Amino acid sequence: MATYIIRRLLQGIIVLLAVSTVCFVMFRYTGDPVLMLAGKYATQEEREHVRHVYGLDRPVHEQYISFLGGVLQGDFGKSYVSQIDALDMILERFPATFELASTAIMISFIFGVGLGVVVSVWPSGWLSRTIMAGSLFGISIPTFLIGILLVMFFSVYIEIFPSFGRGDTVQIGFWRTGLLTASGWQHILLPALTLSGYQLAVLIRLTRAGMRETLSEEYIKTAKAKGLSPAKVVLKHALRNVMIPVVTITGLSFGELIAFSIVTETIFQWPGMGNLLLTSIFETDQPIIVTYIMLAACIILTINILVDVLYAFLNPRIRYD
Amino acid sequence: MKSEHLLEVLDLKTSFYTFEGVARAVNGVSYYLDKGETLGIVGESGCGKSVTASSVMRILPEPPGKIEGGTILFDNQDLTKLSQKQMRRIRGGRIAMIFQEPMTSLNPVFTIGNQISEMFILHKGMSRREAMEASADMLDRVQIPAPKARVHEYPHQLSGGMRQRAMIAMALACEPEILIADEPTTALDVTVQAQILDIMLKLKEDTGTAIQMITHDLGVIAETSNRIVVMYAGKVVEEAGTVELFTKTLHPYTRGLLASIPLLGSRSAGTQQSLSEIKGTVPSLFEIPSGCAFRQRCKHAMKICAEREPELEQVGSGHAVRCWLHIPQEKR
Ligand SMILES: Nc1ncnc2c1ncn2[C@@H]1O[C@H](COP(=O)(O)OP(=O)(O)O)[C@@H](O)[C@H]1O
Ligand code: SF4
Ligand SMILES: [Mg+2]
Numbered sequence: 001m002a003t004y005i006i007r008r009l010l011q012g013i014i015v016l017l018a019v020s021t022v023c024f025v026m027f028r029y030t031g032d033p034v035l036m037l038a039g040k041y042a043t044q045e046e047r048e049h050v051r052h053v054y055g056l057d058r059p060v061h062e063q064y065i066s067f068l069g070g071v072l073q074g075d076f077g078k079s080y081v082s083q084i085d086a087l088d089m090i091l092e093r094f095p096a097t098f099e100l101a102s103t104a105i106m107i108s109f110i111f112g113v114g115l116g117v118v119v120s121v122w123p124s125g126w127l128s129r130t131i132m133a134g135s136l137f138g139i140s141i142p143t144f145l146i147g148i149l150l151v152m153f154f155s156v157y158i159e160i161f162p163s164f165g166r167g168d169t170v171q172i173g174f175w176r177t178g179l180l181t182a183s184g185w186q187h188i189l190l191p192a193l194t195l196s197g198y199q200l201a202v203l204i205r206l207t208r209a210g211m212r213e214t215l216s217e218e219y220i221k222t223a224k225a226k227g228l229s230p231a232k233v234v235l236k237h238a239l240r241n242v243m244i245p246v247v248t249i250t251g252l253s254f255g256e257l258i259a260f261s262i263v264t265e266t267i268f269q270w271p272g273m274g275n276l277l278l279t280s281i282f283e284t285d286q287p288i289i290v291t292y293i294m295l296a297a298c299i300i301l302t303i304n305i306l307v308d309v310l311y312a313f314l315n316p317r318i319r320y321d
Numbered sequence: 001m002k003s004e005h006l007l008e009v010l011d012l013k014t015s016f017y018t019f020e021g022v023a024r025a026v027n028g029v030s031y032y033l034d035k036g037e038t039l040g041i042v043g044e045s046g047c048g049k050s051v052t053a054s055s056v057m058r059i060l061p062e063p064p065g066k067i068e069g070g071t072i073l074f075d076n077q078d079l080t081k082l083s084q085k086q087m088r089r090i091r092g093g094r095i096a097m098i099f100q101e102p103m104t105s106l107n108p109v110f111t112i113g114n115q116i117s118e119m120f121i122l123h124k125g126m127s128r129r130e131a132m133e134a135s136a137d138m139l140d141r142v143q144i145p146a147p148k149a150r151v152h153e154y155p156h157q158l159s160g161g162m163r164q165r166a167m168i169a170m171a172l173a174c175e176p177e178i179l180i181a182d183e184p185t186t187a188l189d190v191t192v193q194a195q196i197l198d199i200m201l202k203l204k205e206d207t208g209t210a211i212q213m214i215t216h217d218l219g220v221i222a223e224t225s226n227r228i229v230v231m232y233a234g235k236v237v238e239e240a241g242t243v244e245l246f247t248k249t250l251h252p253y254t255r256g257l258l259a260s261i262p263l264l265g266s267r268s269a270g271t272q273q274s275l276s277e278i279k280g281t282v283p284s285l286f287e288i289p290s291g292c293a294f295r296q297r298c299k300h301a302m303k304i305c306a307e308r309e310p311e312l313e314q315v316g317s318g319h320a321v322r323c324w325l326h327i328p329q330e331k332r
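The listed protein sequences derive, respectively, from chains A and B. Quick note: the first sequence uses this note's numbering, first residue 1, plus one each step. Quick note: the second sequence uses this note's numbering, first residue 1, plus one each step.
Bound conformation, chain B alone:
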C-alpha cells in the first residue's frame, strides 16, 4: 500500500477486553504525519491518545489490548500486519517514543549510558565502547552538563528534567524518522517544561525527525506544532492547521480546551488545572452516550445530537470537524 505521507493512520480501532466489558479506547481514528513536521494530538486524559501511540508502536499490552481494525501506513507497509520481529526493526530505530513519567521510564538498575548505548548497539551495530561514546555525545546534545561523567550515573542521581533529557537523547539516538512524544512535559515543572520543549525542537531541526506531540494541554503545542488533531472519547473531533484551529475554532470541545489554557504565569509551578471551562467529566468508555459522545457536556446540544453521531466533516482546506453545528442541512 502506498501513502503520500510519512505516517498515515486510517480508521484505527483498538479495544481492551476487560472484566467490565470491551473498552473501545480508540474507535476509528485517522490522521497523518508528514516528513519533518510537528503534529499535536490533544484531548483530555482518557480519550485514547496514549493507546493510539502504543498501537502505532505495536507495544500494546496484549491481552487485554487488541488492534481490531484499520491500517497504519509507514514506508509503504501496514504496521498492523507486521510480525513483532519485523516491527522491532522499525521500533526505536525509525519510530521512537518517549513517555510521560521520566521518573519511572528509565530502568533504575542500569546506568544512563548503558540504556542509551542499547540503541546504538541494537540499531547501529556499534561496539559497547563506541556506543558509550556516542551516548555521551547524545547527552551533550540534550544539554546535560558533564556528559562523560553522567553516562556512568544511575537514573536516581538525575533530576526529573535531566531524566527527560536523557530519554530524549535515547529516543533520538538513532535519528528516527518519527518521534512520538507522549506528554513529555506533563510531569515536569513549568520552567523545566519550556527547556525540554526547546531541546526537542532544536534536535528535531538537526535530524529532520517528524514529531507527534501528545498532550492534554493545548498551550504546550500552540507554538510548536504545525497541525493539531483534537481527540474525544476515542475519536478525532477536530483537525486543522495550528493557526486555523486557534482562530477558527469550530468544535465546542475544542473551544472548551482553548478557554482552559492557563494564561502564562497564572498557574503555580507544577500544578495542573482541570479543564474548568468544560463542565462534567469524560464519560467512561462503557457509558458513552448515543449520538455525539460530547453531547452531555455540550452547551449547543440539539435533538439530532442525541439521535445520530456526526461524521467528521471537511469544512475547509485541512480543517475537519465532527459536530452537527457544522454539517450543512442537506447532509443531515
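Okay, chain A solo, but in the shape it has when bound:
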C-alpha cells in the first residue's frame, strides 16, 4: 500500500509538471499581457518598460525555467491587477469554496444513497416513482437553471433563504468559516443544493443500480436464510457492497465540485475561488488563472489518491501490491 501511494504521488508530480508546462505555453502564446499591464494607450516606451520589468523580453526557455522555479517554491507571481501574491489571493478564497463543495457533497451523498435505497427496496410505490422522475430531472437540467429556480422559489417567492453572499463568517487561524453562524448556514443552503443537484441525481441512480444487482446475489439469500431482519440484510449486507462504487464516484466528484463550482459561485455571488477565477478571466489576470489551474490539478490528484486508499479499505479483494 505504501509503495503504491508513493508511486501515485510520483505520478502526480509528473502530471503537475505537465500541467504547468501547458499553462506556460498557453499563456505566453495567447493574448499579450503587456497590453493588459500597461494599458491600451501606453506608449511604445512604456510597453518596453513593462516587458522588461516582468521579464517578458527574455528568451522563452529562460522565462520557462524561472516560471517553473517559481512554481516549485509556491511562487506564482503577483496578480497583474491587484499586485497581490496570486497564491495568497486564491488561498484566501479557498475556504469558501471548500465549505460549499463539502456541504454539497454531503447533501448529495446522504440523500443520494438514502433515496437510492428507498427506491430499490420499494421499487413500485409512488414515492419511488417521484424520486426517479426527480433524479431524471436533476441529471438533465443544467446547474445554472437549478440555481435560478431555487433562487426564484426560496429567495424571491417565499423569501426564506438569501440569494447571494456567504453571510456572517468567523476567522479561525487561516481559515474563514461560515459554518459556525446561523446566517452562514442560511446562505450556504441554496448554493450547496444547486451544486449538489446533478451529483445527487447520479448517486440515486448509481445506488439503485448497485442495489438491484446486489440484492439478487447469492450472499443476500444466505443473509436472509440466517434469519436476519430486512434492515440488516439491506443496510449491512447489500449496502456495504454498493458503497464501493458509490464512495468512489462521490470522492472523485468532490474534487470536481471544488475545482469547478464556478457557475454556482457566480449565480450566488459566493466569494470563492470560482468567482475569483471568472473575474480574472475577464481581466486576463494570467497569474491568478495559472495558479487556479495548478491548484485545481493538485486537489484533484490528492483526492484521487485518497479515493484509491478508501477503495482498498472498502473492498477487501483489492490490495495494491
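Note that these hints are calculated values from the structure, not bench results. Please read these numbers as outputs of a predicted model, since none were measured by experiment. Please note: incorrect hints may appear among the correct ones.
Claimed, not checked - Below, simulated DSS-like cross-link-like pairs (lysine-lysine); rule was C-alpha separation at most 30 Å, straight line: (1) A:236 - B:124; (2) B:303 - B:331; (3) A:236 - B:85.
With chain A fixed as given, assemble chain B with the ligands onto it according to the hints.
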C-alpha cells in the same frame, strides 16, 4: 395443527408469475422429515428442488414467486401462515440452509468470522467477542486449520472447499433442528465433495440435526440418506427408503437416474455428466405434456399415460410411485 414428523410438507404449490405465464415450479409436493434423519431429494436441474427448499425457508423472491397452497408443518405451526417476523425466529436458528455456490454464498466484504458471528449474536444473544470465539470453534469443528486466524480472513482468501466448510459452520452454528443443504457439493471437485459430505454427517451426529439433502446426483446421497424423494417437473414421482429405492426401483425416471450415476472414478474431477441414460431434456414448465409429465421421455409410455396423470400410489411400506405401470387395473 399437529404432525408426528419434525417437518411435514403437504401438497405444497409454489408458482412464479413471469412474462411468459405462470410457472408452476412446485406443483403439489408432499414429504416429511423425521428428527435426526437424512432425507435425499433428487431430480434433474429445474424440477423444483430449490424452490421447495426456498418455500420451506420462506425466502422466495416475492414477486415473482408465491406459495399458492399447501401446508408446511414444523413444531405444530404452519410455516406458510407465519409472518416474516415470526419466520425469522425459525430461520437460521431452527432451520438452516446452505447453498450450491460457495464462491458467491458468502458476502465478499465481511470476514468469515463476522458472518458466522451474526448467527450467534442474532439467535443466541452473544456479545461480539463471544460470538467471534464461538465462530473460531465452529471453524475448528468443520476442520478448517488455524481457525483463530481464519476468522479474520475474507471469503476470497479461502478455497471453494474451505468456503463451503465455512458455510456449514455458519449453518450449524446454532445447532438447528433441520439443515437444508441445496446441492452443497455440486460446485466442488470430486475429492473435496467427499470431505464436505463427511464433515456434514459427522457434525449432524453431534448435533442431532435432521438433514434435507438436495442433489441432482443420486450417487451423492446413496450412502448418506435414510430415505429418498425423487422429483420431476414440480412433483414427487417416487419415494422410498434408500435401500428399497436402489433395489426395487419402480419409476422409469428413477431408473434413468440410477443408470446415470457415474461409476466411482470414471468421471474426471470437476466435470458433471449429463443424464445420458434418459433421453430428451426436462420440459419447460410451460410445455409440460398432458397426462404423465415424463411420458415424452419414457420408454414404457402407454395410451393412458397421455390421457390422465397418475396419482402417487403407495406400493409398499414407505414406498410410493407415480406411474401407470404400477397402478393396479382396478384403480385406473
Ligand atoms: N426467480 C424465478 N423466477 C421465475 N421462475 C423461477 C424462478 N426460480 C425458479 N423458477 C422456476 O422454477 C423451476 C424450478 O427451479 P429450481 O427449484 O431452482 O430447480 P432445481 O430443482 O434445479 O433446484 C425452474 O425451472 C424455473 O422455471
Ligand atoms: S406413467 Fe407412463 S409415461 Fe409416465 S412414467 Fe409411467 S409408464 Fe412412463
Ligand atoms: Mg437448485
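**OP:** Would you mind confirming whether the straight-line C-alpha gap from residue 303 (chain B) to residue 331 (chain B) stays at or under 30 Å?
**Re:** The hint holds at about 16 Å.
Original post:
Between residue 236 (chain A) and residue 124 (chain B), is the straight-line Cα distance small enough, at 30 Å or below?
Top reply: holds, 20 Å
Subject >> Given pair status - residue 85 (chain B), residue 236 (chain A), alpha carbons within 30 Å >> reply: holds, 18 Å
Hint check: no violations occur; every hint is consistent with the structure.
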